[in-house]
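Kindly generate the complete structure, drawing on both the sequences and the hints.
Chains as they are written, first to last, in the numbering used here: chain H, 1 to 59; chain Y, 1 to 323.
The hints are simulated quantities; they were obtained by calculation from the structure and are not laboratory data.
Mixed in with the good hints, there may be bad ones.
[Claimed, not checked] Derived Cβ-Cβ restraints for the label pairs, each shown as a range: (1) Ile20/H - Gly59/Y: 45 to 51 Å; (2) Ile20/H - Asn242/Y: 52 to 58 Å; (3) Val40/H - Gly200/Y: 25 to 31 Å; (4) Asn14/Y - Val40/H: 15 to 21 Å; (5) Ala192/Y - Val40/H: 26 to 32 Å; (6) Glu144/Y - Val40/H: 32 to 38 Å; (7) Gly200/Y - Thr17/H: 53 to 59 Å.
[What the hints assert, rightly or not] The following residues of chain H were derived to be distant from chain Y, with all beta-carbon distances above 10 Å: (8) Asp5; (9) Ser8; (10) Thr17.
[To be verified] One-sided and incomplete, this derived list gives chain H residues near chain Y with beta-carbon spacing under 8 Å: (11) Ile20; (12) Phe55; (13) Ala56; (14) Cys57; (15) Pro58; (16) Ser59.
From the three backbone atoms N, C-alpha and C, an ideal C-beta is built for every residue, glycine too.
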Amino acid sequence: MKRADLLSGIKIMAKGTIPIVILLLGILFPLGYQGMAASVTLTIVHTSSVNGYLFACPS
Amino acid sequence: MLGGLARRATLLKNLQNQGGPCIAVDSGDLFFDITIDQADVKKALTKARLIAQAYKRMGIVAVNVGDRDLSQGVDFLKQEAAQGLPLISANLVDAAQRKPIFPPSVIREVSGVRIAFVGLLRSPLPPASEKSLEGKAVVEEPMEAVQKVMSGLKGKADLIILLSDLGWDQDIGIAKAVAGIQFILGGHEGRATTGPFQQGETFIVQSYQKGMYAGLLALPLEKTGSLFQDEGRITRIQEALNELDRRRRDLQGAKERNPHLDIRPAIKGIKQQKDKLQKELKEAQKTVAQGNRFRWTLEPISSSLVEDAEVRSLIEATGIKKD
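Rendered as structure tokens:
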């Protein structure tokens with residue numbers, strides 16, 4: 001077998017294998033979902049006892 | 001000088017523009033000052049209507065009814081609710097039918113998490129607020145009312161936050177007696193709580209008064225089933241330890257200047273406090289690492305916040321120039 005044929009065969013195998021490896025990694029380690037969930041932080045802005053004040057007061 | 005409605009609107013817009021989910025709530029005593037002279041009633045009502053209008057534009061999610069909000073009668077609040085202000089109260093009920101005048105709670109879903117805000121006001125009312133109800137409404141006992149609401153929320157909410165105008169001591173009582181409330185965002189006295197007070201599994205805070213500060217509660221939403229832990233607790237204990245070290249150095253300096261000074265009792269007291277805090281620090285480091293960490297901060301409404309133009313023009317249109 002010629003060297004060029006050998007390299008071509010490896011390339012064809014690699015082309016088929018890489019997507020399968022990516023797919024398996026995606027199934028085994030669903031990082032995207034966990035990463036998204038961990039990043040959601042809700043900010044609640046709270047006021048109390050405003051007492052009708054519209055303007056700034058001396059602190 | 002701190003506070004101002006137009007600056008508060010800017011703070012909210014800035015937070016909303018940061019991209020994460022952000023909602024606003026108020027725990028009561030929003031509209032009226034503690035005392036209003038008869039001559040100032042018209043001005044007070046104009047200001048109250050303006051605040052309601054601004055809060056609606058800011059997209060407020062829930063406004064709990066406080067006892068001082070009743071000082072100009074329940075009809076004012078009914079009018080504002082009819083115009084879209086999301087007033088809530090679990091224990092303000094119609095005198096004849098004994099049914100809540102406003103919804104007892106409001107549920108808002110954020111990223112798949114259902115958050116219930118429940119409203120409560122204190123009972124008995126101060127005489128002025130009681131008189132202003134003119135027999136049209138009554139305030140039911142808060143503990144019974146909240147228990148009724150809590151049983152109704154079973155299976156409908158993942159997080160329960162009480163917007164309370166009960167005051168600090170009654171908030172602690174509710175936290176002791178009622179399971180399942182994660183946070184009490186309180187008011188009435190208008191305390192400035194830089195660190196949340198923990199009672200069981202409930203954290204209690206207030207956001208000062210006169211709109212000078214806004215409390216910011218940053219809640220992670222990924223593990224709502226697990227207990228919440230206060231991320232700022234470790235920092236506060238560390239600051240308290242640093243303060244004790246500073247006091248010890250001051251005492252030692254005074255002793256060097258005056259060798260006859262007996263600093264031993266004070267040094268002993270500081271050591272005892274430090275030992276206690278160091279135990280707390282170890283425990284906090286362990287629990288905070290395990291839990292669902294939240295962060296509470298009191299944000300000053302300072303002059304660095306540019307006034308929101310829309311709210312500013314609403315204020316100018318009333319002709320009111322000072323409180």
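Hint check results:
The given range of 45 to 51 Å is respected by Ile20/H and Gly59/Y, whose C-beta atoms sit roughly 48 Å from each other. The supplied range of 52 to 58 Å is met by Ile20/H and Asn242/Y, whose beta-carbon atoms lie about 57 Å from each other. With their beta carbons about 26 Å apart, Val40/H and Gly200/Y fall inside the hinted range of 25 to 31 Å. Distance hint for Asn14/Y and Val40/H: a CB-CB separation of about 19 Å, consistent with the stated range 15 to 21 Å.
The hint said 26 to 32 Å for the Cβ distance between Ala192/Y and Val40/H, and at roughly 29 Å that hint holds. Taking 32 to 38 Å as the suggested C-beta distance range, the pair Glu144/Y and Val40/H conforms, at roughly 35 Å. Checked against the given bound of 53 to 59 Å, the beta carbons of Gly200/Y and Thr17/H, roughly 56 Å apart, stay inside it. Against chain Y, the non-interface label of Asp5/H holds: every CB pair exceeds 10 Å, the least being about 52 Å.
Every beta carbon of chain Y lies more than 10 Å from that of Ser8/H, the smallest distance being close to 48 Å; the non-interface claim holds. Thr17/H, annotated as away from the interface, keeps every beta carbon of chain Y farther than 10 Å; the closest lies near 34 Å. Here the hint on Ile20/H is broken, as its CB sits about 31 Å from the closest CB of chain Y, past 8 Å. For Phe55/H, the interface hint holds, since its Cβ comes within 8 Å of a Cβ in chain Y; the closest pair sits about 5 Å apart.
Taken as an interface hint, Ala56/H checks out: its beta carbon lies about 4 Å from the nearest beta carbon of chain Y, inside 8 Å. The closest approach between the C-beta of Cys57/H and any C-beta of chain Y is roughly 5 Å, which is under the 8 Å cut-off, so the hint is satisfied. At a threshold of 8 Å, the smallest CB-CB gap from Pro58/H to chain Y is about 6 Å, leaving the interface hint in force. Among the interface hints, the one on Ser59/H holds; its C-beta lies about 4 Å from the nearest C-beta in chain Y, closer than the 8 Å criterion.
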